Amino acid sequence: MKKKFPVFSLLILMIIVIGCFGCGLFLTKDPRYMDLAHFDTAPNKEFLFGTDSMGRDIFSMIWYGGRISLLIGFLATLLSTFLAVLVGSAAGYAPAWADGILMRATELILSVPSLLLTIFLQAAAGKANRYSLAVVIGLTSWMGMAKVVRTEILQLKNTEYVLAAKCLGGGFFHLLWRHLVPGLVPSILFMVVMNVKNAMAAEATLSFMGLGLPVEEISWGSMLSLSENAFLTHAWWSVLIPGLFLVGTIFCLTNLGNYMRKSINKRHSNL
Amino acid sequence: MKSRYIIRIVYSVVKFALSVIVLSVLVFTISRLAPGDPLYAYYGERVEKMSMEEQEQAREKLGLGESIPTQYVRWFQGAIHGDFGISYKYKMDVKEVIAERIGNTFFLGGLGFALIFALSLFIGLFCAWREDKIADRVICGIGTLTSCIPEFWMSLLLILVFAVWLKWLPSSGAYSVGKERSLTDRTAHLILPLIVVVLGHLWYYAFQVRNRLLEEVREDYVLLARMKGLSGKRVLCRHCLRNVLPSYFSMMAIAFPHILGGTYVVETVFSYPGIGTLAYESARYQDYNLLMLVSLLTGTLVIFCNILAQWINACIDPRIGAGRESRQGEVGSL
Amino acid sequence: MPDLLEVKDLSVSFYRPEGELQALKNVSFSLHAGEILAIMGETGCGKSVLCKSILKLLPDMAKIKTGQIYFKGEEISAYSEKQMQRLRGSAFSMVFQNPMTALNPCMNVGMQISEAVRQRQPELSRRGRQERVEELIELVGLDHPGERRRQYPCHFSGGMAQRCVIAIALAAKPEILFADEPTTSLDVTVQAQILELLLKLREKTGMTVVFVTHNPGVAARVADRVALMREGKLYRIAEVEEFFEESIHNQNCI
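Residue numbers (my numbering), protein chains in the order written: chain R, 3 to 273; chain F, -3 to 330; chain D, 326 to 579.
No lab work stands behind these hints, which were simulated from the structure alone.
This one's a predicted model, so the numbers in the text were calculated from it and none came from an experiment.
Hints may be right or wrong, so weigh each one.
[To be verified] With a Cα cut of at most 30 Å, we get these calculated DSSO-like pairs of lysine-lysine:
#1 K6(R) x K388(D)
#2 K333(D) x K407(D)
#3 K229(F) x K529(D)
#4 K57(F) x K11(F)
#5 K397(D) x K85(F)
#6 K498(D) x K129(F)
#7 K397(D) x K229(F)
#8 K129(R) x K57(F)
#9 K163(F) x K175(F)
#10 K390(D) x K333(D)
#11 K390(D) x K529(D)
#12 K91(F) x K388(D)
#13 K498(D) x K6(R)
#14 K529(D) x K498(D)
#15 K129(F) x K6(R)
#16 K390(D) x K525(D)
#17 K129(F) x K229(F)
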């Protein structure tokens, strides 16, 4: 039942991340330049992945736009992790009634279809840029992790080794650093990776629906928002290629996340 | 005993009503504080040609001139009498706008929900039965991959393959013009959206069932049941499944609004006339009254399903009745 | 006395990702019809694994490496899962260590017993099954069988739950009852009651009992013969007087 380390996923992920952030070194075309003579060109030697309906080179856009997709995923996760740890640990340490209120509220928000919540907030926030989008996504994705943090803290609070450390005179920060953090980090790590993946998917969905980044701000999501035109012109490459990159990244992240997750099946099956 | 139940019911009803009111206040305030001008929804581009006075008058006419609390009180009074105002965009009663489409959404979402409910139970059972065997691994692999595909892209892919390339199925709408009553035509329009709705949610719930079952399979009572001479399959279906079902039911109660909400994206991509497209439009164009009713409907459903889930948990699981904490993990911890 | 069960040169290994773990090493013994054999040993010496490998209730990663098991002269170590299922509900039965986890918490006790009854006596009608369940509940010394039947394990104390597990085991009318430390997780006073009950039931039904324990006192009290296991090997097997006689001379045996 030992898990294999997902080498392949990590490798692909590294290629994508390095490619996106180091794209200045190998791009030959300006991703924002609209070459109106070559719109909707099928993939060929000059345009490796073809061009979109505005004549932009998809190969350059993929690497260039990936930066924003990854950035939004990262920023949104940073925010949601912060909120989750804040709410979760507050609930874990608070008296029972405050814990009850906090968790009821969290569960209620959790049970609202998250994308609908994001759409609502984003529509309310008005015109999006990469930072507002990250904030909106972050604001709507901390609930699951908050619950995990709370459960973990409650468990740790009641375990005897923490009590023993307290008896030995360990101060608050000692407890936090030596006992709470090591127990907390593995269980959060999985949620963090999942949040990056969900945030990237949310960014793409919002941009696709016209609520996220505008077409001029290149990201994988905004590239896909042009795809409905692509059906008319049969420009399948402008639908497939950005999507494949998106799904590939998400898939690799999921594999990594699953590897980090605490293994539940330590005991053997009785069946 | 009986009075305890009555108290619980009253408590639930009060909780329900309070939550709905709080929700309406929140949505009302946020939507009104948001930037954007609802006049555009009503008058379209003509707003730009209007003078300041005309704009003021229009605002008065739509009841947008007063302070937010006054507006809310007025909206609330109307809502109690069943008057939710008019839609700025469609210029008719919001109830009618919604009534036209709610059937479509419930049909798509309800059918999707039923399929997800049955399939995830079946897949979860099957995978738990063949744990770590090839079949289980293949299914888990496919599931992980499918769950990584955002719904909108899956929709695009399906449209590309089945509507654009193969031309087997229509790519948008709920029916072809002039064929509103044809069942086959409606079914053909339903297939692709339904596939996306089901695939988009199925794996999460199937994996939940599988993981819970795998925990159960490690319990001691499984040995006792096998000792009786029951086959593995029967132990799984009669014993383990029974212990997983309460939490599965409560999970599915919460899943219902989720799946219904999940149809929103799909509706948009397939231009399927449902509540989802309305929610999206009304939020985008500040169609306040419509937005209020759509969010209230969704919110009421969410709150109702949450309370229902708690009830299911309390009623089915004998351990809770005996004053023991349920051993089942929290819903949605995947 | 004829040998009811014979175990020959049995070795069982757990194949874990970390490597092979030998749980049983060349264990051989035979079980006479009608006797009580106590298997003694420290925690983790392979007592439970021995019982479970005879019933083939071991997890997938455990494999019988060498050896055979004969039941009434027939080799059952080569039986398929289907064939074993027929044996388990009728010829063999088992009582487990912890009754609170061995009973399904979400199923009332009557149903759990009646499942076993149905397996053994499929010809019984609903009514007949119900009567048999109530009979079994009374047999293991619980009162009000009509009400008990509808209760869930969480309403029971440890001792009562263990009685239910015994009732389930008896429903099979077994020829061999494996009792895997049936008293370890119970209170001391309850332990005595359960032992008493097992002895009484043996008297009544005349079944053969394999009694696993790590308590020499218990073994001395119930057993006709005693086997001592250590680190997966069967160390010594002898009549009870002989066994403890020698042990007094040879202190480190237990």
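Evaluated hints:
This hinted pair checks out: K6(R) and K388(D) have alpha carbons roughly 24 Å apart, not beyond 30 Å. Simply put, K333(D) and K407(D) have alpha-carbon atoms about 23 Å apart, close enough for the 30 Å limit, and the pair holds. This hinted pair does not check out: K229(F) and K529(D) have alpha carbons roughly 35 Å apart, beyond 30 Å. A threshold of 30 Å between alpha carbons decides the hint, and for K57(F) with K11(F) the separation of about 36 Å lies outside it, so the pair is violated.
As the CA atoms of K397(D) and K85(F) are separated by approximately 86 Å, the hinted pair breaks the 30 Å bound. At roughly 36 Å between alpha-carbon atoms, K498(D) and K129(F) are farther apart than 30 Å, so this suggested pair is violated. With a C-alpha separation of about 29 Å, the suggested pairing of K397(D) with K229(F) holds against the 30 Å cut-off. About 28 Å separates the Cα atoms of K129(R) and K57(F), which keeps this hinted pair within 30 Å; it holds.
A hinted pair counts as satisfied when its Cα atoms are at most 30 Å apart, and K163(F) with K175(F) qualifies at roughly 18 Å. For the hint linking K390(D) to K333(D), the alpha-carbon distance of about 12 Å falls within 30 Å, and the restraint holds. For the hint linking K390(D) to K529(D), the alpha-carbon distance of about 38 Å lies beyond 30 Å, and the restraint is violated. Only pairs whose Cα atoms come within 30 Å are accepted, and K91(F) paired with K388(D) is rejected, the gap being roughly 67 Å.
The suggested pairing of K498(D) with K6(R) is violated, with an alpha-carbon distance near 47 Å, which exceeds 30 Å. Restraint check: the Cα-Cα separation between K529(D) and K498(D) comes to about 11 Å, which is no more than 30 Å; the hinted pair holds. Annotation: proposed proximity of K129(F) to K6(R) holds, straight-line Cα distance about 16 Å (limit 30 Å). Our distance criterion of 30 Å between C-alpha atoms is broken by K390(D) and K525(D), whose separation comes to about 38 Å.
Taking the CA atoms of K129(F) and K229(F), the gap is near 15 Å; set against the 30 Å cutoff, the hint holds.
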